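> These are the residues of each chain, in order.
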Amino acid sequence: MVFYGWLFQLKNLTLSGLFVFTSLIEPLIIATLAFYMFKAGGRPGTLFYAALGAGVLGIWSSTLFGSGGAIAWQRWQGTLELLVAAPPPLILIVVPLTIATSTIGIYSLTATLVWGRVLFHIPFHLVHPWLFALALPTAVIGLGLLGLLIASSFVLYRAANALSNMLEFPIALITGLMIPLALLPDWLHPLSWILAPTWGVRAIRRAALGGDAWFAIGMCLALGIAYVAIAAKLIGVVERKARQDATLSLT
Amino acid sequence: MSFRALYGWLSPWIYIPGMMVAPVFQILLFAYIGRAAHLESDRFYVIGNAIQYASIPCLFAMANTIAGERQQQTLGAILASPAPRLPLFLGRSLPVIANGVVVAAFALAVGSLILDVHIPVSAIAPLALVIVVASAACTGLGLVNAAIGLRVRETAVLSNIIFGFLLVFCGVNVPLDALPAGMSTIAQGLPLTHGIEAARKLADGHSLSSVGRLVLAEALVGALWAWAGYLLLRFFEVQSFRHATLERS
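For the record, the sequence lines run as chains A and B.
The C-terminal residue of the first sequence carries number 251 in our numbering, and the numbering is unbroken.
The C-terminal residue of the second sequence carries number 500 in our numbering, and the numbering is unbroken.
By construction, these hints were calculated from the structure, which means they are not laboratory data.
Fair warning: there could be bad hints in the mix.
[To be verified] Simulated restraints on C-beta separations:
| id | chain 1 | residue 1 | chain 2 | residue 2 | range |
| --- | --- | --- | --- | --- | --- |
| 1 | B | 461 | A | 222 | 12 to 22 Å |
| 2 | B | 416 | A | 1 | 16 to 26 Å |
| 3 | B | 461 | A | 209 | 24 to 34 Å |
[What the hints assert, rightly or not] Just a few of them, taken from the derived set where beta-carbon distance is under 8 Å, the chain B residues facing chain A:
| id | residue |
| --- | --- |
| 4 | 276 |
| 5 | 323 |
| 6 | 429 |
Computed from a prediction, not measured in an experiment: that's the story for all the values here.
Built from N, CA and C at the ideal position, the CB exists for glycine as well.
Taking the hints into account, I'd like the entire structure generated from these sequences.
This is the structure:
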């Protein structure tokens, strides 16, 4: 069920112009800006670093946008009540939706790297190609499961899309997708550590640029498991509340 | 009235995260990328991104106030009426401009406070004027966006693309002289470019009279876009009647 849910959502999202834009064009805009900023700042050596960050930002944008929409779109289409009333636990229905959105984000990473290679002549050389092949799906799953946690809390929130749009840049900032975490104030670091994108981008960067990626891969997976556990509790609570207050289908 | 009816983002649940919180984080993200790149000061990013974010309400709201009529199937009734078109279309832009000013001013104030950017008190009134002119100019581009919205179904995609285009081309985060020559040249014909440059100079202590040419250039660019938008709206209106595509959504 999870596999077919994932496949269905993947096909569904690919047909959405807005979603494809978010997945492809927006990361390219951010990547272009980052390339010019690092070049103009006299730090062209960091372009591959920036390209990888912009690509993961694309995965994050897709995840966030899709997670915000996961519940809202079902609500608009009038299928949310049916899904809630169906025998499988709601979390098993939402997991493939959010993982599918982060999977679409792989397009972003690919597009960003190709964009950087073609227009900015950024060399694409992976220090640990096999580790990169492992780090990428791990990051996708980690980000998708963070999306699950977010989607779970959005059941009660009717303007979920607005909130998900708002969260895009804050998470990108504090998880160091585009900048080294050392630039951020110290008090923000613990918050970064509990967010999967921090470890996802670290795993991808270390696999690509060199360094130990295993710890970051492990952290990404461990956080993903924790997100599922929290989301399972949360979705039960908010689902019950929405049914009690009869607000499930309100738009 | 049409603005209140069609601009669904006026709900505080949408307006606050989308129009007040999001621009502040755009400022912070690019200010930190700027620090990592050793490119410009925080002030550069605060001013650039705050004013550029006015384009979100200017582009989206203009598209919503025209294309929204089509979605609610009231566009035909409006265009069948004998109401003069200039006040009909341009009148809708006034609350949009006001909204853009509020968004940009709020982002500028909060971004400056968070990043400890000092803006001289004497620059506040001229900056307010520049923000009004820049928002009005961007609403001119928004009118073109709205006109295209008569033919293109995904107005949100289009608005997002234009927003990204302005972010890259208008010298918001990269100085114009660091962009390729072609991009800098295109930027001269876009709204926000001259407004942002004027605002940065004002914050650096220049007088309003010394940036007068930039403010006039911004106003002129905006007027040209608004005129193009008006002509495009009339053109698509005629085309829609001719090909019976007015209500196509």
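> Please go over all the hints and tell whether each is borne out by the structure.
Against the structure, the hints:
1. B:461 - A:222: 12 to 22 Å: 58 Å, violated
2. B:416 - A:1: 16 to 26 Å: 42 Å, violated
3. B:461 - A:209: 24 to 34 Å: Since residue 461 (chain B) and residue 209 (chain A) have Cβ atoms about 47 Å apart, the given range 24 to 34 Å is violated.
4. 276: Since the shortest Cβ distance to chain A is 4 Å, the answer is holds.
5. 323: 15 Å, violated
6. 429: 4 Å, holds
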